[in-house]
Amino acid sequence: MINKVVANAQEAIQGIEDNMTLMLGGFGLCGIPENCISALVEANITGLTCISNNAGVDDFGLGLLLRKKQIKKMISSYVGENAEFEHQMLSGDLEVDLIPQGSLAERCRAGGAGIPAFFTPAGYGTEIAEGKEVRVFNGKPHILESALTANYAIVKAWKGDRAGNLIYKGTAMNFNPPMAMAGKITIAEVEELVEPGALDPNFIHTPGIFVQRIFRGEIFEKRIEQRTITK
Amino acid sequence: MLDKDGIAKRIAQELQDGWYVNLGIGIPTLVANYIPKGISVEFQSENGLLGMGPFPTEEEVDADLINAGKQTVTTLPGASIFDSSTSFAMIRGQHVQLTVLGAMEVADDGDIANWKIPGKMVKGMGGAMDLVASAENIIVAMMHTNRAGKSKLLRECTLPITGIKCVKKVVTNLAVLDITPEGFRLVERAPSISVEDIKNATEGRLVVEGDIPEMKI
Chain A
0 MINKVVANAQ
10 EAIQGIEDNM
20 TLMLGGFGLC
30 GIPENCISAL
40 VEANITGLTC
50 ISNNAGVDDF
60 GLGLLLRKKQ
70 IKKMISSYVG
80 ENAEFEHQML
90 SGDLEVDLIP
100 QGSLAERCRA
110 GGAGIPAFFT
120 PAGYGTEIAE
130 GKEVRVFNGK
140 PHILESALTA
150 NYAIVKAWKG
160 DRAGNLIYKG
170 TAMNFNPPMA
180 MAGKITIAEV
190 EELVEPGALD
200 PNFIHTPGIF
210 VQRIFRGEIF
220 EKRIEQRTIT
230 K
Chain B
0 MLDKDGIAKR
10 IAQELQDGWY
20 VNLGIGIPTL
30 VANYIPKGIS
40 VEFQSENGLL
50 GMGPFPTEEE
60 VDADLINAGK
70 QTVTTLPGAS
80 IFDSSTSFAM
90 IRGQHVQLTV
100 LGAMEVADDG
110 DIANWKIPGK
120 MVKGMGGAMD
130 LVASAENIIV
140 AMMHTNRAGK
150 SKLLRECTLP
160 ITGIKCVKKV
170 VTNLAVLDIT
180 PEGFRLVERA
190 PSISVEDIKN
200 ATEGRLVVEG
210 DIPEMKI
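Chains as they are written, first to last, in numbering that gives the first Met the number 0: chain A, 0 to 230; chain B, 0 to 216.
Mixed in with the good hints there might be a few duds.
[Said to hold, decoys possible] Simulated pairs of lysine to aspartate or glutamate, EDC-like, Cα-Cα distance not exceeding 20 Å:
id	chain 1	residue 1	chain 2	residue 2
1	B	168	B	181
2	A	168	B	59
3	B	119	A	85
It should be emphasised that the hints constitute simulated quantities derived from the structure, not laboratory data.
Turn these sequences into a full structure, and let the hints steer you where they fit.
Take a look at the structure:
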């Protein structure tokens, strides 16, 4: 068994430098790697390109990195909950590449799976298709989308073992599995770190081969964006 | 004239037993409250959940269980959870039978615009472009006119489009309309709304044939 455990978030982000490309799992604030984001804020690493479905909110998630102007470019599908983001984008301080959510997920998966590009119908005929190759399959036009990879992918899981095997919980899974595959180095922060053998191999979501570093996160605030209740 | 719940109730009449359904944010979400008796459908939330249940009680709230609108939800018996690429495999692979979503504009050839207002709103398309490009059955739920009173049913979209020639049906506060090669075909009127009212509120080509029945809500 290869031991991938590091002590904490600070140690996990060793090697992340200015101007690198990162993937960060999560949908809204659900399933985001909170501990590594805090460590990146402290470490003051700048010029980052962040691939993440969303950009957090003003005072949580990737919003914390945006507030300190550590992000140069965001690659996302939806960024609607962040006023600071909108301000930096409209003022030209932040480059933004908005791509359809399914294409974003598949581009990450493809990057991890060794598929350099694929055709999808999503976005055909819209401005996001501009400059992209179009081909017709089964009578329907598709556009060519390229794979995404990152220097580091940072994911959050519920349980993990020292070999890097991961299990997610609920919809906190979201982008974490495809991104875990697509990092040259993948860092996993988990709520429970267990010994190999404690997790049933039949129920592993992300096999340990995709994960290079793993640690138990110190704090998981798990902030809720829209607390909707049945009375 | 219908309110938002009325639009959702009318769309719920389109549901068929055994369908998997993706509901967008806003009016479409309300459709889940009006599933006709005797029909079983499963709701797909594109952040990775099939078999989505109602909002939780205070005790049930789980930060790790949300819908695509980032609202806390529950799972029903038989639910399943999966990653984002699998979720869009369901959508792109046409395993979802019905998509209901909101729109800023719909053109009479089925083009839809709902993701961007240049210079004003830059939130992004989320999953909308994947949904409209792949779904076989797309119903738009929206108000017939915008806040300024201008028609949202147009000859051509003026805003950046989300997908081309994809919408099959539009349900508004005034009418049910099918998209046909000739334009919007008026199917039903909302209660107390006349054909003339609908004509006045529709900028795109409108086909009116014979007597147009009132909706049964």
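Verification of the hints:
1. Restraint check for residue 168 (chain B) and residue 181 (chain B): satisfied, since their Cα atoms lie roughly 14 Å apart, inside the 20 Å limit.
2. Note on residue 168 (chain A) and residue 59 (chain B): the hinted pairing holds, with a Cα-Cα distance of about 15 Å set against a maximum of 20 Å.
3. Distance restraint check for residue 119 (chain B) and residue 85 (chain A): the Cα-Cα separation of roughly 10 Å lies within the 20 Å cut-off, and the hinted pair is therefore satisfied.
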